[in-house]
Amino acid sequence: MEYQSIDVNHEIMKPCCSSSSPRSGQSYRRILLVLALFVGLALGSCTKEAGIEGPALVDLFGDFQVLEPVKTNRDSVRFGQGETVYLQGRFNKLTDWRLEVQGLSSGARKIIQGKSRSLDALNCVWNGSTTLFPMFRAEETEIRLFVENDSLLFRRRIKILSVRPTEGFVVADFENGIRPGWTSFVQSGANMSFVIRTNPLAGQGNSYYDMGGRVNWDWLIGMLEFPAAAYQVPRYPLLSNPEQVYFNALVYLPDSVNNALLLMQFREDDNLDGQYNGNNEDMYSLQCASYSVNGAQTLQRGWNLISARYSDLVCLVNGQPSTPAGNNRLEPNRLHRVSLLMLANPSSGYSQLFVDNIVFTSNGPLQP
Amino acid sequence: MLKQIMDRKSFCVALAILWSVLGSLDPAGAQVLDPKKIRFSSYARGLMSADGLRETSDSLGKAVMPGYALTDMGLHILPHSQVEIHAQLRVRSEYGGFWGSGLTLDLRQLWIRGLVNQKVRYQVGDLDYRLSPFTYYNHEEWILAMPSLLNSPTLGMVEYDLFQNNNHTRRQQGVVVEMGGVVDPLDLTLNASLFTTRVAASDFGATPDRLLSGGRLRWKVGSHLHGKVNFVQLYDVARTAAQPYLIHHPVLSTEWGLNPSPAQGRRWSVDAEAGLTRMGWNKADPANLNVVDRPVLTDGFGWLRWEGPLGSRNNGRSSWKGAVQAWYSGSDYRSAAAQTKRINATRSPMAFKRFESINVLRPMGLNDLYRDASLYQTQVMAGLMEYDPGYGNALPYGLATPNRQALAINLRRDEDSSDFWASSWDLQVLTDVKGQGVTNRRLFVLADWRNEWRMHRLFQGSRPWMITAGLRWEQTQRPDAGDDAIQSEVNLINRQVSLQSRWELSSSWSAFAEWQFYQSLGHDYYAVRNAYSEVVDYARTDLDRSEQWVGAGLRYTMSDRFEAQFSTQQFIWRSGSPTLQARYPWNTSQLMLIMKL
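Quick mapping for you: the protein sequence lines, in order, are chains V and D.
First residue of the first sequence? That's 1 in the working numbering, and the numbers climb one at a time after it.
First residue of the second sequence? That's 369 in the working numbering, and the numbers climb one at a time after it.
Calculated from the structure, these hints are not laboratory results.
Watch out, some of these pointers could steer you wrong.
[Claimed, not checked] The calculated DSS-like cross-link candidates involving lysine-lysine, where the alpha carbons are at most 30 Å apart (straight line), are:
#1 D/K487 / D/K405
#2 D/K405 / D/K964
#3 V/K71 / V/K115
#4 V/K159 / V/K115
#5 V/K115 / D/K802
#6 V/K93 / D/K802
Just so you know, these numbers come straight off a predicted model, no measurement behind them.
Could you put the whole structure together from the sequences, leaning on the hints where they help?
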């Protein structure tokens, strides 16, 4: 690597190497040759590599420009027939955008966010689903598109002619009253309201179930049960794999209520005799409450989507984890009955919850 | 039977103990301190300085008078003719520490080395190791390459303390084994070395144990042709911590060199290196599908250099030498042991930590880099460390900088010549391999000129008088195309000017004076990288910074074992960038003594 010094005496013995001018000429030619080689090598390697390193500078520092005006693909939509609404447009740079849809009568909201150079049917599409409850109805909506720093870029009204159908097995949406076969138990407390109500507050459609009252001697205020027989089947028509089955319900917590506890029970017909026997068959539970309870989802004010995988249900006895009485296997295809129990501490006074759109879905939670 | 065995065993143990006791009493076997088997080495230095820094808004300023004395006491023990044990203790006392309150005692280094059967050499403990500039190398920082009569002694102290030296080795702790041999019929010489070191001490389970291992096979055929195969790998040891990812970072290269016989008038040489790198984070549990895959970066590099004499010769020797080199490094080329920088740009200086007037941390300046060891990185880092574009933008990681293709020319007039002057010229032209954020690539031009005039030869003086001038220039540019959506207008210039003079007053005393000016002006887009060293963002960096110092001093030397220097200088730092507008003069007077035994 280092330059090696030469032996002068040895040089003198070789006149051809010590004569300066011819040798210098050779040296210059050799140097030029080497330089040409290196310049060629450097220029040869100057071909541009495909692509750039890191994000494009224009995406980070460029001024925002609309290259193709934003538009929607339709003015009215039938989600019930599989139609969708999407936006089209093109920008000069990678842009953070937010699409907000608001139901003008329901108040439902759908929010879609993204970062892209263009809007199209793949990245900015609305299939009628809901982000903030209640769910959309057949109503007029307003679509607004915000880009960079929340500046409004686009606004348009779209009319929903039919809503998105609920996927899965609908246990109850309360749109058609109390289904024959459902059973209820209501304590004789004060201000009891275990009734279906029809008003704009509904989480889905126009109706929901109001569970409220004051019972100062028992935790149980009232309950509503949905036996499989009410649907003319001995057991719920669900998949056998508990990992693939999801229980979903919309639960509304009124502003003034702080003591509500909703216990959902799932009774299985382990021996397939068409009955549920608490002594030798499984019962699993799911809880949600307006306050912090171990293992229960804490409800926020307004509508909440409760979604639980069937395999995550637990056996509870008096609120404490326990061992199931039956075969100790979670078997949704043997589900015999679903029960909703409205509970509250007897000393805590009046309590109330609304329930709507109780649905079993497969392979994922409900996409409202 | 068992009892017999036990009795026999007890008897043997008792015999062994008795033998040991008798042996220890034997005068012939007693341990005698043999001066030939124990050797001492020592290094000592003392530094006292008076520093004053005054911000524009602070009429009084701040002043400190730090100082310390330290000694490194080395003990070399040779218990056997082929084994050497070395330990070095450092005792440091801060001036002003009373009755030992400012005293620290450290074990500075420890190693054992030796030979096995005269064939295999080994060293355990502290190691200084290097391979090639692309694989395992401690590159010098561009900003510190200009010599300084005023500040080089303190920079030398920092480098000595951190085991950073001109050999570009990297200090690690581990084990290295070397062996070699000659294949006579082929005139082939082979040397091999293997090493493994720990990057950091174990924290017993919090982070994976990270090792740096590798080796080199060196071969030489005759005296003209030689080559090397280098391999180094940074990796985490599985199951040493509950972490989802393990780094796997191998670097492989091969070097070739041709030195034709000077005896035949061929004084030139050609050297080349090429290699491949991979840096990835493997899943600790490959079967765990919940852990997402991390990026894997693979790329390569190549380097070629010709070096030889230029022009006519005086007395059979040319006074000029030249070198041409070209190299390429891919944008995803990663080599942790070569890309770990000496300067850690994320740190803040210890002295005068804040601008009191604007209550922000004071950024490091050249005056800090010449004195503050805490600004330097010692541990090998995976990925690419952050750097200050104002302190070297073209080659922040030396030759190991990724995403570069370059052509460099060096001209040097023989420095050993007794002529009136000596000179060296360096010119490097580089471009990005991949455009950063745009398709256009940046163009870097680096120029370095240094000249020394031996004035005593001009005036026939009896004592040497040298004047040295230097100019360094680094420009970063990126041409914008007219139809580009963004006009980045990248243009960053770093320049350094130096003028120094040294007079030898006597055989021991010399005086010197120096002025240096450094300026960084312009802007570039600094690549912000994620934990996997991928570029995820660009930060526009506007620089308008200048630093200059002027000063003089006296030096006393006695052989090469004792050196004393007194100097005084004023350092002025200024920043006029939009993000930081500040200025301060920093006056320093210091007295230092260095002794080596």
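Do the hints match the structure? See the list:
1. D/K487 / D/K405: Status holds; Cα separation ~22 Å.
2. D/K405 / D/K964: holds, 21 Å
3. V/K71 / V/K115: With a Cα-Cα distance of about 18 Å, the restraint between V/K71 and V/K115 holds, given a limit of 30 Å.
4. V/K159 / V/K115: holds, 27 Å
5. V/K115 / D/K802: holds, 24 Å
6. V/K93 / D/K802: The hint holds at about 20 Å.
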